[in-house]
Every structure is written in C-alpha cells, then in structure tokens.
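Enquirer: Below, each chain spelled out in residue letters.
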Amino acid sequence: MYAQMVKSEGNSGEQTPEEEAFQARIDAGERIEPKDWMPEGYRKTLVRQIGQHAHSEIVGQLPEGNWITRAPTLERKAILLAKVQDEAGHGLYLYCAAETLGISRDELTRQLLSGKMKYSSIFNYPTLTWADMGAVGWLVDGAAIMNQVPLQRTSYGPYARAMVRICKEESFHQRQGYDIMMKMAQGTEAQRRMAQDALNRFWYPSLMMFGPSDKESVHSEQSMAWKIKINTNDELRQKFVDQTVPQAEYLGLTVPDENLKWNEETGHYDYSQPDWQEFFDVLRGNGPCNTERLEARREAWEDGQWVRDGMLAHGEKKRMAKVAAE
Amino acid sequence: MSSVSPSAYPETGEKGGKSKAEWPLWEVFIRGQHGMSHRHVGSLHAPDADMAIKHARDVYTRRNEGVSIWVVESSSIAASSPSDKGPMYEPSNAKVYRHPTFFDIPEEVGAM
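Protein chains in written order, with the working numbering: chain F, 1 to 326; chain E, 1001 to 1112.
Check before you lean on any hint, since a few could be wrong.
Claimed, not checked - Heads up, simulated DSSO-like pairs for lysine-lysine below, C-alpha to C-alpha not over 27 Å straight-line:
1. Lys77/F <-> Lys1054/E
2. Lys318/F <-> Lys1054/E
3. Lys227/F <-> Lys1085/E
4. Lys183/F <-> Lys227/F
For the record, the hints were derived by calculation from the structure and aren't laboratory data.
One chain only, chain F, in its complex shape (with noise of 0.2 Å):
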C-alpha cells in the first residue's frame, strides 16, 4: 500500500494496567487523540506508518508532474494540475496527523532524504507514455483506495479524519484516470496498444502496492489489534482484482496474466502473485526510478532552503513591526 511492510511495535509478554486500558479503549471502538495516553509502539508505529504514508503523497506527485507539460490538451493539463495539487494537499494533512504524535515534519522529510524512510514502491516506476496517466490514476489510486476506505476507521483520530477528507478527493482521481483510459480504448489502434502497454507495465506494481502477504506476520498482527490496520494485504489485493478485472473488460483490454480465472467456488479471481523478488529489490532502492525520484526531493527540499528562511525572516520582521507599533 501507501504504507508497505510497517513494522509494528508491538510489546511482547505481558501488558501492563495502562495498556490493558488502551486496548480495551481500541477494543470498544473509542478514537484515540494526541494528548491521550498511548504505548510508545503505537506513536512510533504511527508515525512510521502515516510519514510513509504522506512521503507517498509527496513523490507520487513526480511521476505524474513529468506529463504536466505534455498533456494533450489543455483541459487535461488542467485537470492532471489539479489532481497532483490534490496529491500534495494530502501529503500535507498526513504530515499534519503525524505532527501531533511528537515528530515535526522537517524531521520527517530530513528521514525520507537520508533514506531512512521509504515511501510506496509504486513511485519507482517510470511514466512512459500519456496512456500510463491514465493506468495511475485507475490502478494506483484505485489500490490506494482500497487501502484508505477502511483506514477512516482506523484508531488514531487525527489519522482517520485526515483519510476522510483524502478518501473525498480520491475518487475523483480513480475516475479521471478510467476517462482516460477510456478515451485511448476507444481511440486509434496505436492508442489503443499504448493503453493497453501501460497496463501491461502498471498491473503487477499495483498488485505489489498492497505488500506480501501477511497472514502470518506478528507486525500486522500487532497493527489490527491496534486498528491501524484493518484488512491482510491478501484481502485488500483479492478485492482491488475483483473490482478491476470487470473494468478492463469493459475497456475491451487484457490483464497480462495467463492464470486470470473467475472462481465460481469462492466468487473471486484467481490470479497471479506478482514477482516479489523485484518487489523487494525496489525497496532495497534498485527500481527504475529509485535515485531520480530521491534525487528530486533533495533538490526541491535544498533549492527552496533560502525561501523558506526567507519568507521565515519575514515574517519575523513583520511581528516585531506590529509588536513595536504597539
């Protein structure tokens, strides 16, 4: 997902009174909120979580930002413009959420720089044609969908309200990348082999964006009972092929995958796993786009360093004004 492979926490052996407590408060549904007392597993998993969750937002502006320029339109420049401003507005509610359990988001961004956090692996793919606008806008936020729907009920409340408003806006950009879709489906042969190329390249990545399965694993254990998770990544996956199988069909487009079948015995798609082995190779930092991405953050964090303390003396320079005429 936005958020892949978060390592909990979690507090092995016995709980002591105060987390008996919290999880009991969890337990009856109640919201936790910044000034609550919390286990340090649960900020610092949330804070993994959420910074990984918001640094996705921010570099997953970059691919899209590459076609900006070379919309085919104008009303489609003007409609990806919108959508990658949504991108970085959601960034900022998350850095926000994550602000209020004791980290500033300077901090966060000084850890998405050096490396120490990651962001979504789907971000290291490159953008080739106009055709893959439209794949990322139907598949990729389409899974991160999948994934934020539930998370407006997860336990943390600043979280959970930052995912409603994202949820809000998301869908717009599900749809605006289908219309897309769409338009080259119907469009020219060479549209329509490019639509069909960019499906091809983006269909496995989504498929990884929800991470590897993680029935057995002990941090996604620790993150449900804490309800900051809330379904396995195998639930997640098996919903967004269900959902997606029947609108490439409509799209008159092939999912690549030989082993595609609908399962009349458990009323979903069998599919196959994508090749995890690249998965894990992305996020050891050796995907396609990996070093151009990070590269572009540094550069955007370190040429806007002399505005930021500028408009900060400024904006000093303005109070101690006020404060004198006063």
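With chain F held as given, fit chain E onto it using these hints.
Expert: Frame of chain F, contents of chain E only:
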C-alpha cells in the same frame, strides 16, 4: 535508498529535529456556505498569518468548502487536559434535569 549518503541529513532525533528554524504551525478554521460557525479543519505550517491564510485557501478550500478562513498559531491555543475528563465532564451526567426531555408535559398541552 541508493545514492544518498545518510550523513547529508544528520539525524536530529524524533522529538526535536530543529536543526534549522521551521515555520510555525497554525490551526485552520473554515466557515462553510450555510451560515454555520467556523469549524476546525486541520493545520499547516506558514511563516506568518497572511501566508497561513493563503496556504489554508490552497490546502483546505479547493472544492468550495468555505467562505471564510480563520488561522491561529497552534502555540496560542490552550486546551483542557485528557486526564481531567472525569472531573470536568462527569458532573453534568447527574444533572439530567438540564435536558428538556426530563420534564413530562401532557400531550393535551401541545408542542412545547
């Protein structure tokens, strides 16, 4: 990730991390279209109040969510403490007569 040397971004610890000055945090309140009061919608960083309002417009009103914005520096907000929840709010539980439904009014009297 691969090419970045971690030493370029020294760790400053999770809590503080103020190696360089950061823009202060502001809380944002928006009044929607329909005459409701301003409502807290979230927070953001900005160097001063004017910029905070400009950022709030971009971050929180991209889809006609509001007609008026308030911003206030987060450090200026005083809040009740979660541990006072009992003493602060429980006394009103015993005062059910504060609710109109406490009083039985005969049906013949009509709407009241």
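Enquirer: Which of the listed hints are broken here?
Expert: Violated hint (a single one): 4; every other hint is consistent with the structure.
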